[in-house]
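Chain A is already provided as a structure; the job is to place chain B on it using the hints.
Line by line, the protein sequences give chains A and B.
All residue numbers for the first sequence refer to the working numbering, where the first residue is 1 and numbers rise by one.
All residue numbers for the second sequence refer to the working numbering, where the first residue is 111 and numbers rise by one.
Calculated from the structure, these hints are not laboratory results.
Since we're looking at a predicted model, the values are computed, not measured.
Hints are all accurate, no fakes.
Mimicking DMTMM-like on lysine to aspartate or glutamate, the simulated pairs with C-alpha atoms at most 20 angstroms apart in a straight line are:
1. LYS102(A) <-> ASP197(B)
2. LYS76(A) <-> GLU9(A)
3. LYS102(A) <-> GLU168(B)
4. LYS117(B) <-> GLU41(A)
5. LYS57(A) <-> ASP82(A)
6. LYS102(A) <-> GLU196(B)
7. LYS102(A) <-> GLU41(A)
8. LYS102(A) <-> ASP82(A)
9. LYS81(A) <-> GLU9(A)
10. LYS102(A) <-> GLU9(A)
11. LYS68(A) <-> ASP52(A)
12. LYS102(A) <-> GLU212(B)
13. LYS117(B) <-> ASP136(B)
14. LYS175(B) <-> GLU196(B)
15. LYS76(A) <-> GLU14(A)
16. LYS57(A) <-> GLU212(B)
Label-pair restraints from in silico Cβ distances:
17. GLN161(B) <-> GLN93(A): 13 to 23 angstroms
18. PRO195(B) <-> GLY58(A): 40 to 50 angstroms
19. GLY40(A) <-> THR224(B): 19 to 29 angstroms
20. ARG59(A) <-> GLY126(B): 44 to 54 angstroms
21. ARG66(A) <-> THR154(B): 19 to 29 angstroms
22. ASP174(B) <-> GLU14(A): 45 to 55 angstroms
23. ARG120(B) <-> GLU55(A): 33 to 43 angstroms
24. SER65(A) <-> GLN132(B): 38 to 48 angstroms
Don't be surprised by glycine CBs; every beta carbon is placed ideally from N, CA and C.
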Amino acid sequence: GQNIDQPTEMTATEGAIVQINCTYQTSGFNGLFWYQQHAGEAPTFLSYNVLDGLEEKGRFSSFLSRSKGYSYLLLKELQMKDSASYLCAVVNQAGTALIFGKGTTLSVSS
Amino acid sequence: SAVISQKPSRDICQRGTSLTIQCQVDSQVTMMFWYRQQPGQSLTLIATANQGSEATYESGFVIDKFPISRPNLTFSTLTVSNMSPEDSSIYLCSVETSGSYEQYFGPGTRLTVT
Chain A
1 GQNIDQPTEM
11 TATEGAIVQI
21 NCTYQTSGFN
31 GLFWYQQHAG
41 EAPTFLSYNV
51 LDGLEEKGRF
61 SSFLSRSKGY
71 SYLLLKELQM
81 KDSASYLCAV
91 VNQAGTALIF
101 GKGTTLSVSS
Chain B
111 SAVISQKPSR
121 DICQRGTSLT
131 IQCQVDSQVT
141 MMFWYRQQPG
151 QSLTLIATAN
161 QGSEATYESG
171 FVIDKFPISR
181 PNLTFSTLTV
191 SNMSPEDSSI
201 YLCSVETSGS
211 YEQYFGPGTR
221 LTVT
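Chain A with its partners taken away, still in its complex shape (with noise of 0.2 angstroms):
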């Protein structure tokens, strides 16, 4: 089976780093996915890893070790808008579709 973890809630202040970790156990692996979700509203498309290593994309950046089955999504010069879900998720058994995690609520405060 496929099982993923993630904190439920984070709490950060406005202009710091914060990084939300996922630690994942799935047989066969074809990508991580981070998407963010603010209240009411649909997931959006954050970050793809595939191979280990850090991505940087802007303030976002997301880093992947397939060997310790862990990624983290790490999120710089924090803003109020950045107050929302952040979604961890896999591809499932068949490479068909995406397994979400439970999802980390950041809220972030002046």
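Below, chain B without anything else, positioned relative to chain A:
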């Protein structure tokens, strides 16, 4: 990317009735998916909607309860049948466009069953 619309955006239904949710994409896509997001929870995959064949359902979801149609490469419907309050949820369709597993989501349909 893809632009996805869903109808209705929200509905309040009585238990025992059925609701059909429509998902329209602005381009032809191979893979379409239906997810459920219960209040305060993450997304759970219901099924993969296959064009020209029956949908593939995940464990815990069955065709009699959630029949799916996929008549062409830009459209799909999900029906929630014989509804109960436990079916109150947001239902989202998503598509994969590039073969890289990246998915784009529709705005969702917020269903309340009374």
